[in-house]
Amino acid sequence: MSRGAVCPALRKEGEVYICNFTGKPVNPYAWYCFFDYITCPIYIRHRGTSTVVEAKPETGPQLTEARAETEEKGEVSEEARETVTPSPVEISVRPSGEYEDMIMDDLKRIIEDFEHRVSELDRKWKEYEDAVNTVRALFDKERILVEHHLELLKRVISMYELDLKELDYRKDLGILDDEQYSKLREEIENRLARLRREYEELIRRFDYVTNGVLSHVKKLLTVVPTPEVGKLRVVLMKLDELLRDGKISREVYDRLKRELESLLS
Numbered sequence: 006m007s008r009g010a011v012c013p014a015l016r017k018e019g020e021v022y023i024c025n026f027t028g029k030p031v032n033p034y035a036w037y038c039f040f041d042y043i044t045c046p047i048y049i050r051h052r053g054t055s056t057v058v059e060a061k062p063e064t065g066p067q068l069t070e071a072r073a074e075t076e077e078k079g080e081v082s083e084e085a086r087e088t089v090t091p092s093p094v095e096i097s098v099r100p101s102g103e104y105e106d107m108i109m110d111d112l113k114r115i116i117e118d119f120e121h122r123v124s125e126l127d128r129k130w131k132e133y134e135d136a137v138n139t140v141r142a143l144f145d146k147e148r149i150l151v152e153h154h155l156e157l158l159k160r161v162i163s164m165y166e167l168d169l170k171e172l173d174y175r176k177d178l179g180i181l182d183d184e185q186y187s188k189l190r191e192e193i194e195n196r197l198a199r200l201r202r203e204y205e206e207l208i209r210r211f212d213y214v215t216n217g218v219l220s221h222v223k224k225l226l227t228v229v230p231t232p233e234v235g236k237l238r239v240v241l242m243k244l245d246e247l248l249r250d251g252k253i254s255r256e257v258y259d260r261l262k263r264e265l266e267s268l269l270s
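The opening residue of the sequence shown carries number 6 in our numbering; numbering runs sequentially from there.
Everything labelled a hint here was simulated from the structure, so no lab data went into it. If a hint is listed, it holds; no wrong ones were tucked in.
The calculated DSSO-like cross-link candidates involving lysine-lysine, where the alpha carbons are at most 30 Å apart (straight line), are: (1) K146 - K131; (2) K170 - K159; (3) K262 - K159; (4) K262 - K146; (5) K146 - K224; (6) K262 - K223; (7) K252 - K223; (8) K243 - K146; (9) K129 - K224; (10) K223 - K129; (11) K170 - K188; (12) K17 - K29; (13) K129 - K113; (14) K113 - K29; (15) K113 - K131; (16) K188 - K176; (17) K146 - K223; (18) K159 - K188; (19) K224 - K131; (20) K223 - K131; (21) K262 - K224; (22) K252 - K159; (23) K146 - K252; (24) K176 - K159.
Just so you know, these numbers come straight off a predicted model, no measurement behind them.
Put together the whole structure using the sequences plus the hints.
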């Protein structure tokens with residue numbers, strides 16, 4: 006057996022194996038001492054320390070005064086020799102209760118730690134679920150207003166574009182001179198450029214928010230009951246009806262359909 010496979014804290018005294026960490030006899034064949042000592046709870050606890058407990062020697066029967074005197078004279082009777090003969094030490098076939106308690110303590114510590122962690126995850130998941138549902142309900146409410154305002158901005162941009170064409174017509178008809186035309190055109194173009202930049206930026210930010218909300222809702226749908234998915238399919242069919250009846254535009258239909266299908270995929 007190679008030395009690397011034996012616990013460095015194990016020593017043998019006669020026929021008895023001693024653990025240097027506890028100073029007590031140990032049965033290495035029933036414990037971790039051979040081949041698996043790095044997983045031993047005692048080794049793990051004392052690893053990196055210099056803790057070593059010296060085993061107490063077994064004390065034999067005390068000599069009587071008479072026998073002591075006899076030994077001083079160099080005369081030891083046969084009976085005395087039999088009396089001082091040490092009895093064989095019995096080695097337990099299983100670890101003592103201390104080792105079993107240490108194993109159970111380690112198991113309890115690990116399991117209790119993960120019980121706490123799982124409870125904390127459950128609490129955080131419940132908070133996350135409530136937060137997602139709150140944001141989703143608010144988003145469904147506010148998105149109508151956002152889409153309406155974006156549509157108004159789009160119309161305003163179109164109106165300014167028409168104003169530029171009207172300026173060209175007026176200049177061609179001689180209603181506006183070059184100075185008036187240049188001044189009005191510069192003013193409208195500046196407004197139009199600013200509106201286009203802000204409109205595109207708002208569209209980008211709203212798309213980011215929409216994708217973010219839908220992403221979190223989709224995560225919840227992976228763990229919620231099937232009826233929630235069924236409701237989405239019903240909404241998807243009603244969306245087709247709204248398009249056929251002319252209650253929503255093709256642009257709104259395509260966008261809502263993409264969002265619903267992304268939740269179901």
